[in-house]
Structures are given as C-alpha cells and as structure tokens.
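S.K.: Next come the chains, spelled out residue by residue.
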Amino acid sequence: MQPDRTPLLSVENLEVHFPIRAGVLQRQVGAVKAVDGVSFSLNRGETLSLVGESGCGKSTTGLALMGLVKPTGGRVQFDGQEIRGFNRAALKSYRRRMQIVFQDPFSSLNPRQRVKDIIRAPLDIHKVGTPAERETRVAELMERVGLRPDQADNFAHQFSGGQRQRIGIARALALNPDVIVCDEPVSALDVSVQAQILNLLSDLQRDLGVSYLSISHDLGVVEFISHRVAVMYLGKIVEIAPKTRIFAEPGHPYTELLMRSAPSRDPRKRHSFSATNDDIPSATKKPSGCPFHTRCPLVTAVCKTTEPALTARDDGRLVACHNR
Amino acid sequence: MSEMNTATHVPVLQVSDLDIEIRGVNGAFAVVSDMSFSVSAGETLCIVGESGCGKSMTALSLLRLLPEAASIAGGKVLIDGQDFLAMDQRQVEDFRGEKIAMIFQEPLTALNPVLRIGEQIAESVRQHRKCNRREADARAVDVLRLVQMPDPERRATQFPHELSGGMRQRAMIALALACDPKIIIADEPTTALDVTIQAQILGLISDLQKRLGTAQILITHDLGVVSEVADRVIVMYAGRKVEEASIFDLFDRPFHPYTIGLMGAVPGAGASSEAGDRLADIPGTVPPLWNLPKGCAFAPRCANASARCLKERPPFEEKRPGHWAACWEHDDAA
Chain A
1 MQPDRTPLLS VENLEVHFPI RAGVLQRQVG AVKAVDGVSF SLNRGETLSL VGESGCGKST
61 TGLALMGLVK PTGGRVQFDG QEIRGFNRAA LKSYRRRMQI VFQDPFSSLN PRQRVKDIIR
121 APLDIHKVGT PAERETRVAE LMERVGLRPD QADNFAHQFS GGQRQRIGIA RALALNPDVI
181 VCDEPVSALD VSVQAQILNL LSDLQRDLGV SYLSISHDLG VVEFISHRVA VMYLGKIVEI
241 APKTRIFAEP GHPYTELLMR SAPSRDPRKR HSFSATNDDI PSATKKPSGC PFHTRCPLVT
301 AVCKTTEPAL TARDDGRLVA CHNR
Chain B
1 MSEMNTATHV PVLQVSDLDI EIRGVNGAFA VVSDMSFSVS AGETLCIVGE SGCGKSMTAL
61 SLLRLLPEAA SIAGGKVLID GQDFLAMDQR QVEDFRGEKI AMIFQEPLTA LNPVLRIGEQ
121 IAESVRQHRK CNRREADARA VDVLRLVQMP DPERRATQFP HELSGGMRQR AMIALALACD
181 PKIIIADEPT TALDVTIQAQ ILGLISDLQK RLGTAQILIT HDLGVVSEVA DRVIVMYAGR
241 KVEEASIFDL FDRPFHPYTI GLMGAVPGAG ASSEAGDRLA DIPGTVPPLW NLPKGCAFAP
301 RCANASARCL KERPPFEEKR PGHWAACWEH DDAA
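So the sequence lines, in the order shown, correspond to chains A and B. According to our numbering, the residues represented by the first sequence are 1 to 324, in order. According to our numbering, the residues represented by the second sequence are 1 to 334, in order.
Warning: the hint list may mix true and false statements.
Stated by the list, open to error - Some chain A residues close to chain B (C-beta under 8 Å, calculated; not the full set):
#: 1; residue: 53
#: 2; residue: 54
#: 3; residue: 193
#: 4; residue: 198
#: 5; residue: 220
#: 6; residue: 262
#: 7; residue: 266
#: 8; residue: 273
#: 9; residue: 277
No lab work stands behind these hints, which were simulated from the structure alone. Quick caveat, the model's predicted, so the values are computed rather than measured. Just so it is clear, CB atoms sit at the ideal spot from N, CA and C, and this is done for glycine as well.
Kindly generate the complete structure, drawing on both the sequences and the hints.
M.R.: Okay, here's the thing in structure tokens:
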C-alpha cells in the first residue's frame, strides 16, 4: 500500500531536557539534552524509523510523543491539531489515536491480569461500547494478532515472549489507533519469533492502514519495516531519507559509520573492523558544534564551532552536515 | 607474548558426548545432549542458536561454572590433552585463566565493581604466576595496552563504572588474556553493545586471535557476528547439535531446515526489501526442554517433516564432506 502524503503527525523542534541536580540544595547545574530539537513528520499508512545507538534520544522521542515524559519544548501536531501542554485532557483524546508497543513483553504486561483484561483495558478507560461489545472486540483482536481466543482467561506469564508481544500489539490496536509507536518491539525476541512479529506488524499496516513510528537500533529490522528512516545521534536527527536511498547511499558520515559497522551477511565479504576505541560521547558532555565531530572522518574547523542544520539535498533527503 | 599467525590444527579442546542436565521440581531433564566438538589453536568455532538451545550451558560447563541446579551428566572434556572433568577443585582453578578463560556478555556484572580494573587483572596474574605485586601491575597495564585500551595506565586505576560499555568489554578481554590462555570462550561478547562499538570489539577479537593464535569458541545468536568471525560453525537446537560445517559451507549451502529457516528469518538479509514484504519466519516456538517431542525436536516446526521425523530422532551424520547435520532428509545434490 502506498502511503498517503498528508502528514498525520508533525513534530517541530521537540525538546526533552532533564535537569542535572547537585549539592545539598539540589540546585540545577546542567541538563541532559536527551532530545534536542527534533523535527519530522509521519504520514498515514507510513512507517518512519528512528534509528540510532543508546543515548541518542530515539526512545525518549517516542515516550515524549506519547506524553509519557513531558517535553520541555517544541510543537506536536496530530491530524492538524496542536497538542497543547501535554496535560491530561489534551492527551486523553490524542492517546486514543496514538498507541505504543513496548520493547520488553515481560515487564510491560501486568502478570496478575488475565489476557482479556489486558487487551480490554483501553476500551474500559475510553468507555468504548457495551461490556458485551468489548468482549467480542477482545476475541476479534486476539484472532487478529494470531492468538487463540480460548486463551483469553490465561495470565500473561503463561505465554512465550513472542506471544506476549502479540498481546501488547492487540492492546495497542484495541482503540483502532492511527499511529502506533513501536519501541524496539522485537529486540527482546529470538530471530525466528522476531520474524513472525515483524510479519504481523507488516500485515496489520497493509490491512488497517496504521502508521508506525518505529524505534530501533537494528538496521536489519529498519530495512525491513520502514518507508523512511531518521538517523539520530546525541539528541539530534542527522539525516532523514527514504529507506531505499539511505541504504543504497548513506548521506551523513554517521549514517555511513552505522551501516559500515553492521556485520556482513556474507563470510566472503568480511569487514576489516578497526579495533581502535572510538566511543560515543556522553549525553551530559555533548561536543560543541556538530555532535559527531569527535568521531567524524570528514571533520573540518567549522564542525567544531557551528552546528550544522538539517537541510534538504537535491535527492530529497535531509542531512545535517557541513561537508556533505 | 608469542606471535603466531597460522592455525596449527592441534585440538587444544576436545569435547565428546557431553550431557548436561538440570534438576527441576519434577525431576531432572537434559539441557545439552551428545555435544561433541573440538577446537584447534588459531581457530574460531561459533556455536549459534536461540535462547534455551543450550549454547551458554555448554560454554559454562567448559569452565565448570555451571549453576547449582545444573550438572554434567556424562561425557569428556579434554583441555590440552588433560581430562578436565576428572580434576579436583584446585586443579580446575589452576586451569581457569591459565589454559581456558571466558569473556562474558555483560562486563558490568562480570567485573568486580569495587576493585580497580588493574587490580582485578593483577589478582588473576598473581594467582597463576610467581610474581610480585609490581610485576603483576605491570602485566595488567600490558594487557590493557594489548586490547587497545586508550590511556592504559590511567584506566588501570579506574573502577568498572567509570568506563564506557566498550571499554569495559576491553577490560574484560584483557582480564581473560592476562595469563595467556590457550582457549578463550566468549559468550555473546558484543550483544550488550551498540553496533559501532560491537564493530570495534569484533575487530579487536579477530585482531588478537591473529596475533596470539588462541583457540576461540564464540557463543552467539547473531548470524551476522558468525559471518564476521567464524572458521567453523555449530548450530544448536533444543540442546543438540543440528548442523556443523565450515563457515563457507554453512552459509553457501545450509543443510538443516532450522538453519535455513534462521537465515531466512533475519531481516534485511535480502538484496532489497520493500515495505509489505514478508520474512520467511519459522512457525511456532522452541519446545520446552522438559517436554521435548519424541522424534526430531524441530519436526513440529519443520515444513518438510515426515511421519518418520515425528517418531525417530535423526542421527547426526556427515551429509556432504565435512558438513554434518541431524536430519532424515538426504542430500539430493550430493
């Protein structure tokens, strides 16, 4: 299915800064800029992947959009409406249309609840339908995600990791959302089961037209699931491009490093990885200028002082680099 | 440290018919059965499989570090020709570190949080070598330099929490190398790391092996890692070997349906994938080890399973020269 081009979700300059407090008086002495001016849009029926390494802010971006951490700045528009202040009332109707599937199917489901109650919870909270209708909807959802409705009375701990992730997906689907934030939904699963879940997500998008904001560190998963890819580094997006283009030819030097670091799938084409230590700087001590300049092979004087803006290139991609 | 460039093909580790069992509330059940393999100096053997396949239990048994509920129920482990399973605790401790050492997945839990990096390495050196404190400290800095730790003298005085994830893994590799072991066992050494850091550690592991000529067993679930470092590969499923071959034979022509399934299930492996494509997933889940199916453990998930597969367990046999598998299927092409 071809994605519709009107942005459903648009994010402008999203910021999530966490204060660093120190001393007896717990005075603020600095801030961790976990998300530091992130802008992107998501279309109907589209999958945009946020990809990057730990601490790049990809998960915090997802949580901020769900209102699970409060953004400290920026604008979020959903279907043309601005989400103001991320307060309870504003979030309630928005959350009906925007849901999340978490990484860990073990800690994100209440072990003391029956599966039917887990999946029905969003319907109860939003008072959708009669109790009988909710019951029917739960059975329908279970079937939809590949669970047997006769397992509805079981507890979450009676299921395997893959099945639990199906429960999490059914819960996210309950309210017919337009967008599902998928925060590393398969990274805790074994490869054979991971493929089942990726196929399920892909089928659901085809059949229901739901958009995914997928958060992942796994380039294989990103390549499979995305239409477009946004690469994040230390709280910033450094490149956004259509999937096919970014994998064919990475634009930003960091995208290139990421792709070069992924293990080869062909033992005859092994990389000769450098053993030299080259760490990701800590988010509390972000480099000046371009955040990637400490690791960049193309670094020049301007990179150390001036932060490059994310600008459009001829081929339709956006890249934040002085030298590309 | 000795420089060695070529594999000498003398097995330094020989495992035969190893059985490991766990005592559960409802009696004992096997977690590893009939494991046999050997590794030579300079060679990297990868043991690959999904959670619960027995790969980590196999690794832990090679150091006699199995958890309390698990025990070795049979088989033989020869290290440098000596029967490791028959040794008493003191001999085992002599062997660990000196002959065989382990790199764990999570350096933050494997390293002692209240000891400086240098002290942890020196402690291991002093246990095995007759040397004084100063010599041991010097050796610690040497191995930290060997693993390309930046600023090794200063890092030796730091605690594990003061290092980044990648540097902690370097410190653990240094600790494993401190007494020049002949065999290194690495259990998912890069799984906890970011991809750019993983690349550095894989680079380091290959680099060190070329220089030191150690025999290496690398346990992983990641076929990408296998493809980067392995000479030979064992694929495990439900506690048993299902396939063993050289890296090229395995990737060129995998034999066992499980191996074929695993390779197809890895996303992004295809030349190009369009959104909306499907992955070749393996239906179902791994059976619980305390309730394995009667015949081939993979049969319930296998598209080619016949009536025989459900009744009799296939033997592990040579299907093509140097390429072994446990499957009733014959090689039509051979």
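S.K.: Return the status of the interface hint for residue 277 of chain A: holds when the least beta-carbon distance to chain B is below 8 Å, violated otherwise.
M.R.: holds (5 Å)
S.K.: Does residue 273 of chain A hold up as a contact with chain B if the rule is Cβ-Cβ below 8 Å?
M.R.: Result: holds, 3 Å to nearest chain B Cβ.
S.K.: How about residue 198 of chain A: closest beta carbon in chain B under 8 Å, or not?
M.R.: For residue 198 of chain A, the interface hint holds, since the closest Cβ of chain B sits about 6 Å away, which is under 8 Å.
S.K.: Quick check on residue 53 of chain A please, does its C-beta sit within 8 Å of some C-beta on chain B?
M.R.: With a minimum Cβ separation of about 4 Å from chain B (threshold 8 Å), the hint on residue 53 of chain A holds.
S.K.: The hint names residue 220 of chain A as touching chain B; please verify it with the least Cβ-Cβ distance against 8 Å.
M.R.: At about 3 Å, which falls below the 8 Å cut-off, the nearest Cβ of chain B leaves the hint on residue 220 of chain A intact, so it holds.
S.K.: Does residue 262 of chain A meet its interface restraint, that is, does its C-beta lie within less than 8 Å of any C-beta in chain B?
M.R.: holds (6 Å)
S.K.: Answer holds if the nearest beta-carbon of chain B is closer than 8 Å to that of residue 54 of chain A; otherwise answer violated.
M.R.: holds (6 Å)
S.K.: Against chain B, run the beta carbon of residue 193 of chain A and see if the smallest gap drops under 8 Å.
M.R.: holds (6 Å)
S.K.: Please check whether residue 266 of chain A passes as an interface residue: C-beta within 8 Å of a C-beta belonging to chain B.
M.R.: Cβ of residue 266 of chain A sits 6 Å from chain B, so the hint holds.
Consistency with the previously given hints is maintained throughout, with no hint failing.
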